[in-house]
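J.: Residues per chain, in single letters:
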Amino acid sequence: MIGGDDDLLGTLELIVLLSVICLGTDAYGMPIRDEIHRRIGRNISFGAVYVTLQRLESKGLAESRMGEPTAERGGRAKKFFRVTKAGLQAVRRSQDAIEAMSIGLGEAGGAT
Amino acid sequence: MALLDWATHLLSWLIGEDGATALLGDVREESMRRSNSLGGPGLLRSYHCEVYRSVASALRLRAVECVRCAPWATVFGSYVLVGGVQCASTVAFSYVWPPAAQTTSPLNLLGQFPAVALVAYVAGAFDRAAPFFLGALMLFAALLLITFSREEISTEYRLAFLTVGPLAALIGGTLHRTVGRKP
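Chains as they are written, first to last, in the working numbering: chain V, 1 to 112; chain A, 113 to 295.
These aren't lab readings, by the way, just hints derived from the structure by calculation.
Just so you know, not all the hints are guaranteed correct.
Examples of chain V residues lying across from chain A (beta carbon under 7 angstroms, computed) [claimed, not checked]: (1) Arg65; (2) Met66; (3) Ala71; (4) Arg76.
Heads up, simulated SDA-like pairs for lysine to any residue below, C-alpha to C-alpha not over 20 angstroms straight-line [unchecked claim]: (5) V:Lys59 <-> V:Thr11; (6) V:Lys85 <-> V:Ser58; (7) V:Lys59 <-> A:Arg180; (8) V:Lys85 <-> V:Glu57; (9) V:Lys59 <-> V:Arg82; (10) V:Lys59 <-> A:Leu282; (11) V:Lys59 <-> A:Arg174; (12) V:Lys85 <-> V:Asp96; (13) V:Lys85 <-> V:Arg65; (14) V:Lys59 <-> A:Val179; (15) V:Lys59 <-> A:Val176; (16) V:Lys59 <-> A:Ala182; (17) V:Lys85 <-> V:Ile21; (18) V:Lys85 <-> V:Arg42; (19) V:Lys59 <-> V:Val91; (20) V:Lys59 <-> V:Leu8; (21) V:Lys85 <-> V:Glu68; (22) V:Lys59 <-> A:Asp130; (23) V:Lys59 <-> A:Cys181; (24) V:Lys59 <-> A:Leu251; (25) V:Lys85 <-> V:Gln95; (26) V:Lys85 <-> V:Leu18; (27) V:Lys59 <-> V:Gly104; (28) V:Lys85 <-> V:Asp7; (29) V:Lys59 <-> V:Phe80; (30) V:Lys59 <-> A:Ala213; (31) V:Lys59 <-> A:Leu115; (32) V:Lys59 <-> V:Gly10.
Remember, it's a predicted structure, so these values are computed and weren't measured experimentally.
Even for Gly, the Cβ is constructed at its ideal location relative to N, Cα and C.
In isolation and in its complexed conformation, chain V is listed as follows (with noise of 0.2 angstroms):
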């Protein structure tokens, strides 16, 4: 049994928190999004990663904290995330999950 019903992320919730566990100290709107890009090829916009990480913070997932202005940003702080221990649960639970999901994906001719 892996959890309620609810506990599993979503797909971008998931990827957005796994760019963030990647980046470790260094994780805000730019680089999370390059890390997404540089992985799995999708250019995502600053405004869903944005949205998708303030809607893991509600959940206690992630947390963040204002950087200092920067004069190459315009005098505008970069926002720091970085994941709570229920957001690395949360990854981990995820991860079993479709693990647990894609056993005997071969066999059945999923694979490709």
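Here the structure of chain V is known, so what remains is to put chain A in place on it, guided by the hints.
T.: Just chain A now, kept in the frame of chain V:
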């Protein structure tokens, strides 16, 4: 620039002041990074495109969230109740206020205003967002009926049909939020 200002305000509303500031900074940083390959006008165009694209994505995702978390059982339940109220009030009007008993009379809709507001107020007790979804549903239903109805409908009735129900739901919901708030 007015459009860009408008987009910035919309972003602040959608992802908060901090989020919007950081997002605009990210877009600016990316534009600066690409400044070698893009010229001045190209840079500005790329900045604007990215901001508008972000607004569109954020709006779409927020709309999906809104629809997913809507209290549909309460909304449809209260919509059915509104239908019942409309039938009952039409029958009642035929005794006490005959001109309003005609179902195609704007007076009929106006007479139902307090009852619809009351239903919305009660729906608000079950879920604070329900009256507003009820209003949106009533507006949607009115638009559908007006668009596809083959009957002759007077302009007054069209106007009343489009405004009275949704407005009553909105007022009922707002009343619940203000009057029904616990001290």
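J.: With reference to the structure, classify each hint as holding or not holding.
T.: Hints, verified against the model:
no., hint, result
1, Arg65, "violated (10 angstroms)"
2, Met66, "holds (6 angstroms)"
3, Ala71, "violated (10 angstroms)"
4, Arg76, "holds (3 angstroms)"
5, V:Lys59 <-> V:Thr11, "holds (16 angstroms)"
6, V:Lys85 <-> V:Ser58, "holds (14 angstroms)"
7, V:Lys59 <-> A:Arg180, "holds (15 angstroms)"
8, V:Lys85 <-> V:Glu57, "holds (12 angstroms)"
9, V:Lys59 <-> V:Arg82, "holds (13 angstroms)"
10, V:Lys59 <-> A:Leu282, "violated (29 angstroms)"
11, V:Lys59 <-> A:Arg174, "holds (15 angstroms)"
12, V:Lys85 <-> V:Asp96, "holds (17 angstroms)"
13, V:Lys85 <-> V:Arg65, "holds (17 angstroms)"
14, V:Lys59 <-> A:Val179, "holds (18 angstroms)"
15, V:Lys59 <-> A:Val176, "holds (17 angstroms)"
16, V:Lys59 <-> A:Ala182, "holds (17 angstroms)"
17, V:Lys85 <-> V:Ile21, "holds (11 angstroms)"
18, V:Lys85 <-> V:Arg42, "violated (27 angstroms)"
19, V:Lys59 <-> V:Val91, "holds (13 angstroms)"
20, V:Lys59 <-> V:Leu8, "holds (12 angstroms)"
21, V:Lys85 <-> V:Glu68, "violated (26 angstroms)"
22, V:Lys59 <-> A:Asp130, "holds (18 angstroms)"
23, V:Lys59 <-> A:Cys181, "holds (14 angstroms)"
24, V:Lys59 <-> A:Leu251, "violated (33 angstroms)"
25, V:Lys85 <-> V:Gln95, "holds (15 angstroms)"
26, V:Lys85 <-> V:Leu18, "holds (13 angstroms)"
27, V:Lys59 <-> V:Gly104, "violated (33 angstroms)"
28, V:Lys85 <-> V:Asp7, "holds (14 angstroms)"
29, V:Lys59 <-> V:Phe80, "holds (17 angstroms)"
30, V:Lys59 <-> A:Ala213, "violated (51 angstroms)"
31, V:Lys59 <-> A:Leu115, "violated (33 angstroms)"
32, V:Lys59 <-> V:Gly10, "holds (13 angstroms)"
Figure legend: structure checked against the earlier numbered hints; hints not met, in rising order: 1, 3, 10, 18, 21, 24, 27, 30 and 31.
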